[in-house]
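Position chain B against the provided structure of chain A, taking the given hints into account.
Those protein sequences? They're chains A and B, same order as listed. Each residue of the first sequence is one higher than the last, beginning at 21 in this note's numbering. Each residue of the second sequence is one higher than the last, beginning at 1139 in this note's numbering.
Be aware that a few hints might be false.
As the list claims (entries may be wrong) - Below are the DMTMM-like pairs computed for lysine to aspartate or glutamate, each with C-alpha atoms no more than 25 angstroms apart in a straight line: (1) B/Lys1394 to A/Glu212; (2) A/Lys292 to B/Glu1325; (3) A/Lys292 to B/Glu1317; (4) A/Lys290 to B/Asp1223; (5) B/Lys1226 to B/Asp1245; (6) A/Lys291 to B/Asp1324.
If you are wondering where the hints come from, they were derived from the structure by calculation, not from laboratory data.
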Amino acid sequence: MGSILEVRDLRVAYRSRSGDTFRALDGISFHLGPGEILGVLGESGSGKSTLAASLLRLFRQDTVVASGAVLFEGMDLLQAKPNELQRIRGKRISLIFQEPSVALHPTMRVGSQVRQVLHAHGVDGRALNQRTREVFETLFREETERIARSYPHELSGGQRQRILIAQAIACGPSVLVADEPTASLDPTTQMEILGVFRSLREKLGLALVFITHNPALLAPFADRILVLYAGRVVEWGPAATVLASPKHPYTRALRESMPPRLEETSDFHKKKLNAIPGDSLPSSLPPQGCPFEPRCPERMDVCKSREPILVTLSAGHTVYCFRYESE
Amino acid sequence: MNATASQEEMKPLLKVENLLKSYTNRTLTGHREEVRALHGVSFSLLQGTTLALVGESGSGKSTLALCLACLEKPNSGDIWFEGTDVVKLEEEKRRTIRRQIQLIFQDPANSFNPGWTVLEILTEPLQLQRNLSCDEMRLRAHLLLEQVGLSAELGEKLSSELSGGQRQRLAIARALTLEPKLLILDEALSALDCSVQAQIVNLLLELQSSLGMAYLFISHDLAMAAYLADEIAVMSRGEIVEQGASVKILKQPQTKVTRELLAAVPRINFSPREASKA
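Just chain B, same shape as in the assembly:
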């Protein structure tokens, strides 16, 4: 709970108000069908803290992520980032904000050009956004590799030659190139092995305390969410049905959705007595 003390005077980094997003599906008969992905979502996120969005697939988590990263335009509602309404901003100005919000997906293999080396992947955003010389860019890329715990020798490798954990580290390094203030992690741990998940969690915790980034951790894994986040928001059918401090959500769940998610967390619960019996 590193946020509670100064919560009063701190302005939220991100404030979302009454966000609505719907898609139109056309069925085979030509009939139009309205699917409401987000239905009045509001929350705020303080600088340097983590909010976990938890829910079943189809609850609207990923649509929310896309709206926040300016990759989808909501039908209505506001997204305030450091006091600026991103939704109403002109494209030109929105781009400068976009840079500060980076997105990391579940399967990093799909988010890299397979023909590029690690260094090329890391220098591309720098080329687009900064006026740096080649040497400066390489130096920066090497620093980033070090920051996420990848050895410099990997720089010349293709992303397809990396393991799943290394690739997710690379995705984080690429997100860091532009020094974002908010990292959206959309199921970023789900495709990884348990032992590697723990490594990435540690890396995220480390980076948060050294760089002060805020995280929006989107997941269906309530156990991991509770561990990583200061606050949890539980989503169901496009709405946030429950929100509060992680510990509170775990210990006193108020809604049926949360209780069901809690019940579905697989856990190892063998007492020594059971073990000796077997």
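Next comes chain A alone, as it looks inside the complex:
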């Protein structure tokens, strides 16, 4: 199977101010097919934002380890020369950040901000104007002219998020990485933006890496789901399987900790939720045993002593847990 993006044993570690090393990503491997939507599920401290940035080789200054490979169309981005990287970033792979109001220049018209991206990648003259118009027409149904002439503060949160998406797709990338792109939006706007991503995949055949902490957001549109916990892939498989019958205790507990479906609420009303105890505060201790062991409702003796291995349950569904090691 041809994959457009393949990550092999990616490891990223940071050095904290106190001098400790903290592993943000600890041996991540997965692949993404053309036009596929991969949902990355993880809570704070799981390494999901580090993963988003690493896919474009954007590392923080305090990074001490960055090993493994990020293969984009066969080229390893972690080894690529700066000018090669320049041609790929923002053009072939784009990144959309969480907060649209911070990512946009406050005193520059949004139209110019989209043009700037195209210009930086060598689009000039007539083609520049035409392409900018096309991009706006892809994302806005009406008033494209007025919106292009607006400043960020004159637009709504949803419109600003669409501008960021416009910048990201301007050069016709084949992979889009979106890190919590709907976190700061209203529920109705959130649904609208999810719809935008879905239609982009249909129209442009984009592959999407969609990062979030909310499993319910992935339900309507992800093809596959990768569950991150403490910098490790704990479960990876087809979205429907992972959401309907999760196998890893963390994914299972996460599903059970959400309030019940609205239709059923009358029966469960004001009863306690099945919360996962503890929290995922990153620890700098060297790993010994399963990282989820302290919070795991299904822990066994072996979980403390050594790390589990990834077990393949069925085609394309893998779990990182001792419970399945014999299978």
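Quick look at chain B alone, frame taken from chain A:
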């Protein structure tokens, strides 16, 4: 529905009548523009119960919270708290009422002094409001930590060293220092991870049944609101457009606003059949 039985004889803890609040915006050309944030809001809240205020951003939820916590003065209308009209009260007397209404925000990181330890954060309100000795204050602070499920060892840590969930627990503990009767939770769960949200929800339910506080739960998450609240009020453009028992709002929404909010709740709806197909 723990309120319905005795609803008749119970007096509301909080009663809001016809609240109006508008802000004046000055545009670049010097033109004055009136923005109506609250436009005739009325509701009441019984002791020990939860009312959820749900709506899009800009619907006036947070302005309402600020007015109730006496941090904003409404243009007109009344806020009755245990039978006293808070709006018309002198500043001096209002302060005693303010203590009983505590507010918790979305991002607890912004509501603490980053240079203070957990214990300092918890003892400050006690210093201001009570005549307690140092030892008594420390004891009280430790009890509060225990009440919200934080270990006593965290007392010496800075708030910036805590995780998001721990910080929200600390915010709740600080709100409890003055034994309030009403807790206003303004998007208090929105910044937390799903697994931590459930913990905080459980803590809130526990505290309500042991302390009998009333909650005003402000959120755009209708699913969580329905779960936590006895009643839901849906706000849009500064008005309450629909109000009723949570179950009723969910099952028979009457207005377009509510139906839209319901449709926007993300949910996992895979049947086993779909799963096996994939």
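task = Verify the proposed pairing of B/Lys1394 with A/Glu212, using a straight-line Cα cut of 25 angstroms.
result = Distance ~17 angstroms between B/Lys1394 and A/Glu212 Cα, so the pair holds.
Is A/Lys292 within 25 angstroms of B/Glu1317, Cα to Cα?
It holds: about 23 angstroms lies between the C-alpha atoms, which stays within 25 angstroms.
Check: Is the Cα-Cα distance between A/Lys292 and B/Glu1325 25 angstroms or less?
Finding: 19 angstroms, holds
Holds or violated: are the alpha carbons of A/Lys291 and B/Asp1324 at most 25 angstroms from each other? 21 angstroms, holds
Given hint B/Asp1245 paired with B/Lys1226 - CA-CA distance at most 25 angstroms:
With Cα atoms ~31 angstroms apart, B/Lys1226 and B/Asp1245 exceed 25 angstroms; violated.
Restraint check for A/Lys290 with B/Asp1223, where alpha carbons must lie at most 25 angstroms apart: 31 angstroms, violated
Hints 4, 5 from the earlier list are contradicted by this structure; the remaining hints agree with it.
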